[in-house]
Amino acid sequence: MSANQTLYNQQCSNSEHRAQITNYCACIDCLRPLCPECIQEHYQYHIQAKTQPAIQSILNTRTNCERKIAKAIEQLRKEYEQCDIQQIFNPDEILNHEISRMNEAKEQMFEIITIFFKQQENLLETKVKENQLKVRNIGGIFQKIETVIEQLEILRNSLLTSSDPFLYFHKACRLDVKSLLDRYKSDLKKSIKSKELDPINVHIDEHKLFNLKNELSKIVIIHTNDIEDSGDNVSVLSKNKDQSINYSIQGHNGPQMNNAQNENIHFLQKQSKQQMSNVGDIDDPLQGTMTNHEFSIVRPNYFQGQLKFLHFMINRSKIMKIADLQTKQWLTLQIDYQVPAFHKSIVTPNGDVYISGGLTDQKDNIKESIIRKYTQDGQIQQIGRLTYPRSSHSMVYCNQAIYFLCGYLDHSKITSSMEKYNIQTQKMELCSPCYKPANQPGCCTFNDRYIYKFGGNDENGQILFIIERYDTFTNKWEHINPKIDSLESSKFLTTFLTSACVQINQTNIYVFGGYEEDDKGVSFSFLLNVGQDKHTIHQVNVRPLLYPEGFWNNQVIIHDHKLYVLQNIEVEGNQIDENNRSLLCFDGYKWNELQYQISY
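Note that the UniProt record's numbering has the sequence shown beginning at 1, numbered continuously upward.
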């Protein structure tokens with residue numbers, strides 16, 4: 001035995017083996033020292049878990065780890081030496097040159113803004129003058145009115161000063177004031193209408209004004225000429241292995257539901273940039289070592305019974321797919337209801353699925369009014385009827401009630417209305433409408449009392465930067481005007497369409513994903529801190545999504561201090577795969593995708 005090998009003389013922790021540690025399993029899920037008697041048992045563990053072992057001698061493990069670290073050091077030094085750092089030693093020159101360039105850009109923007117507003121002023125002046133020219137032709141009516149007023153003034157003075165007032169009494173009593181007013185009002189309206197006078201007002205779009213500073217941040221960008229990673233660049237991460245872990249669990253107790261197609265599709269852990277593969281790979285040395293307590297997930301588990309799953313329904317079909325969080329399997333269920341497009345559904349803590357709304361007639365734009373419930377025994381029931389049938393709306397569960405808000409009514413009219421289904425009384429109730437009508441806003445509860453509403457788009461298809469809060473105790477809405485510091489503001493974008501959101505701890509709501517106005521997906525995220533008397537946007541894009549996409553099914557489930565949500569999958573032509581979803585998991589540090597086999 002070599003001198004180096006004698007450094008490892010620890011005994012196996014298993015007291016029955018009474019042997020010295022000689023090997024080590026470098027699999028990322030193990031990282032476990034082994035004695036000769038442990039090895040066979042450990043191989044059996046990997047066979048059952050359907051994963052690859054990485055058992056090596058202590059000396060080989062140390063050699064491989066040392067090579068791995070040395071390679072990382074060498075590559076980092078090489079990158080460091082290749083950096084062009086000469087400009088760092090001329091800060092004055094850099095400042096003078098770059099500030100001069102930014103000032104030139106600023107002057108150009110000032111000129112553009114000045115020209116634009118001058119054009120608007122000229123247009124406004126032209127409109128006012130056009131109305132003035134039209135008004136001149138109705139000056140005769142004003143003259144007649146002035147003449148009548150003068151005559152009435154003379155009549156009043158004569159009535160008060162004359163020694164023989166009876167004549168004036170007679171005139172005053174015969175005066176029909178209503179007919180007099182109606183005649184001149186009618187003449188005036190007819191004349192104004194005939195001249196087609198244009199009412200003039202200046203509309204200021206506050207939303208676009210707010211977004212202007214975000215556009216400015218795209219015009220002037222301060223960067224350091226970072227070299228983008230590419231296939232030819234030297235990377236610290238090895239690409240020789242893809243550690244896909246099958247999480248199949250035998251002997252599971254899945255949902256007691258009718259599985260029509262008998263599909264048990266196991267989840268696979270998909271390798272991402274944030275994950276480390278095997279002993280030949282190296283992860284970011286600081287990855288996961290810096291705790292951000294703002295993202296800690298401490299809210300209780302959502303589900304109260306044995307069933308713990310996410311779901312989605314395929315539009316214009318009778319198929320519902322279940323993602324079981326305990327068995328890590330997909331179940332495809334046949335239901336006795338053809339689900340319309342643009343419907344909405346959520347699952348309650350006891351495992352019942354509620355379905356509402358949708359477009360039942362594309363030609364006449366008719367919306368579904370019936371609310372249905374899918375129970376654990378596979379039955380689907382009609383439980384209520386929407387007062388305002390809608391589609392592309394939002395649903396939220398809060399304190400034994402399901403809330404339905406916003407979306408499209410018949411004839412493509414966006415609504416601000418809200419109603420709820422009381423699960424205990426089994427009755428529908430109307431609620432106060434929100435301030436701003438919206439299509440597909442992101443919604444979530446806070447402290448089992450409030451409902452927060454984020455974004456969506458308006459009747460013109462424009463993204464809404466708006467946050468509202470509904471108090472389920474008082475039936476009142478309020479507009480939230482969050483604070484944001486200058487550094488966070490420079491990174492902040494807006495609130496998007498079909499984003500997802502959830503309360504993760506005592507003070508924070510996590511908002512992420514969605515679509516822009518052109519249906520382009522975003523990975524953008526932020527936290528909304530809810531204080532006693534103020535709201536603050538912070539941690540902007542600190543924990544973005546792996547992939548930029550929205551959420552047709554934007555109910556976020558908390559289970560074992562992790563978030564689970566189903567994200568849309570984009571296919572060619574900016575279209576969405578209606579038959580499948582991507583199951584995402586967030587543990588407070590990073591997002592992972594639990595990849596599954598595509599089923600038909």
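Just so you know, these hints were derived from the structure itself, not from any lab. Check before you lean on any hint, since a few could be wrong.
Straight-line distance between alpha carbons at most 20 Å, and here's what the computed DMTMM-like set of lysine to aspartate or glutamate pairs gives [unchecked claim]:
hint: 1; residue 1: Lys106; residue 2: Glu215
hint: 2; residue 1: Lys562; residue 2: Asp587
hint: 3; residue 1: Lys476; residue 2: Glu429
It should be emphasised that the depicted structure is a prediction, and the values quoted were computed from it without experimental measurement.
Quick rundown of the hints versus the structure:
Between Lys106 and Glu215, the direct Cα distance comes to roughly 13 Å. Compliance with the 20 Å bound is thereby established for this hinted pair. Distance hint between Lys562 and Asp587 is fulfilled; the C-alpha atoms sit about 5 Å from each other, no more than 20 Å. For the hint linking Lys476 to Glu429, the alpha-carbon distance of about 14 Å falls within 20 Å, and the restraint holds.
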